[in-house]
Each structure stands twice: as structure tokens, then as C-alpha cells.
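If you count by my numbering, then the sequence shown holds residues 637 to 807, one letter each, in order.
Since the hints were made in silico from the structure, they are not lab data. Hints may be right or wrong, so weigh each one.
Derived lysine-lysine pairs resembling PhoX-like cross-links, with alpha carbons at most 20 Å apart [claimed, not checked]: (1) K743 with K773; (2) K773 with K684; (3) K656 with K731; (4) K773 with K758; (5) K743 with K758; (6) K661 with K731.
Here are the computed distance ranges between Cβ atoms for each label pair [said to hold, decoys possible]: (7) A744 with E792: 34 to 42 Å; (8) K743 with N686: 14 to 22 Å; (9) E792 with N680: 41 to 49 Å.
The beta carbon of each residue, even a glycine, is placed where N, CA and C say it ideally should be.
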Amino acid sequence: MAYIIGIGGVSRSGKSTVAKRLRDKLASMKVFTLDMDNYVLPENDIPKINGHPNWEVPESIDYERILTLLDEKEFIYEVIIVEGILAFANMELNKRYDLTVVMEISKATYMERRKQETRWGKDPNWYLEYVWEAHLKYGQYPEADIILSGEIPIDEDDLNPILQKILATPS
Numbered sequence: 637m638a639y640i641i642g643i644g645g646v647s648r649s650g651k652s653t654v655a656k657r658l659r660d661k662l663a664s665m666k667v668f669t670l671d672m673d674n675y676v677l678p679e680n681d682i683p684k685i686n687g688h689p690n691w692e693v694p695e696s697i698d699y700e701r702i703l704t705l706l707d708e709k710e711f712i713y714e715v716i717i718v719e720g721i722l723a724f725a726n727m728e729l730n731k732r733y734d735l736t737v738v739m740e741i742s743k744a745t746y747m748e749r750r751k752q753e754t755r756w757g758k759d760p761n762w763y764l765e766y767v768w769e770a771h772l773k774y775g776q777y778p779e780a781d782i783i784l785s786g787e788i789p790i791d792e793d794d795l796n797p798i799l800q801k802i803l804a805t806p807s
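Can you build the whole structure from these sequences, using the hints too?
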């Protein structure tokens, strides 16, 4: 049965980077990475905010599909990494995690990084503020096993506590 890791944090906090580095460090194992961005519901099914799709709420994610996928993959893979801004917003998913990792950054760092983001065009300031507030409401996980700072680049020492927990777990 797979060891399931949840990695959460606000936009631009380093979730994907940590997931990729863990996958690379665990190259000798069968690892499946689940990026929650790939499980967003169709735009017409997502709640709106100011007339735009509201990607920042749990109702925007197809958790049923994620849970079904975990059921399918947990006996095929040794490690499953779930990462996303709403990784901790679903109680059923939270019950599946063997390890939870929260990526923390300050609001100032978040704002600076999001203002440099170009994938979706320039976001208005009200939306950047809204994303931060939604993170505080839906993205927190007070019982996290490991908290990493995304303020500076993640190095090997930051990953060691995660790797030790995975490798110490009997398969």
C-alpha cells in the first residue's frame, strides 16, 4: 500500500518544486505525483467571484475523482504525492495522508511572486488579496507533520525529514 503525502500551501509557495524534488530523490521507488490543478472541475461547474471562475474554493476541485484515483493507485505505487493549494480542504482526502507537508511563505513574498506570474495574465489586486484570504480559510492544516519555508529555495536538508519518514515506513 502506498505511502501518501499531502503537500499544501498558498500559490507560489513551492509545492510543485518540493513534489518534483521528492519524486527525483525517490527515483528507486514507484512514485505517482498528483497535481490537483489537473482535477479542477469544468469552468461552468465552478463557483464565480466577480463574474470569474473561483479556483480558490474546495468546490472547484473534483475530490471524488482524486479519491477514486488514489483507490486505483495505492496498490500500484509505493509513494503517492498529492500537491495543491486545496490539498487539505477535504476531510476524506486528509484521512488518506500518511504525511502532511505545509509550505509557508509570508503574504509579502506571496504578493511579490504572484505579481511576477505571467501564466494567466496580470491579476487585479483585489484578486491577489482574495487568493491570500482563501488560502487562510481553506489551505491551512494546523496538524501538519512538517512545515517548510518556501521563502528561500528548498535544499536537500529540507527534504531529509520527509525522506526519512518515507524510508522508515515498512512497505
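Okay, the hints, checked on the actual structure:
Annotation: proposed proximity of K743 to K773 holds, straight-line Cα distance about 14 Å (limit 20 Å). Our distance criterion of 20 Å between C-alpha atoms is met by K773 and K684, whose separation comes to about 17 Å. For the suggested pair K656 and K731, the alpha carbons sit about 23 Å apart, so the restraint of at most 20 Å is broken. About 24 Å separates the Cα atoms of K773 and K758, which puts this hinted pair outside 20 Å; it is violated.
Between K743 and K758 the alpha-carbon distance is near 18 Å, which keeps this suggested pair within the 20 Å criterion. Distance hint between K661 and K731 is unfulfilled; the C-alpha atoms sit about 25 Å from each other, more than 20 Å. Range check, A744 to E792: Cβ separation about 27 Å, and the 34 to 42 Å hint is violated. Distance hint for K743 and N686: a CB-CB separation of about 21 Å, consistent with the stated range 14 to 22 Å.
For E792 and N680, the Cβ-Cβ distance of about 44 Å falls inside the hinted range of 41 to 49 Å, so the restraint holds.
Going down the numbered hints, you'll see the structure goes against 3, 4, 6, 7, while the others check out.
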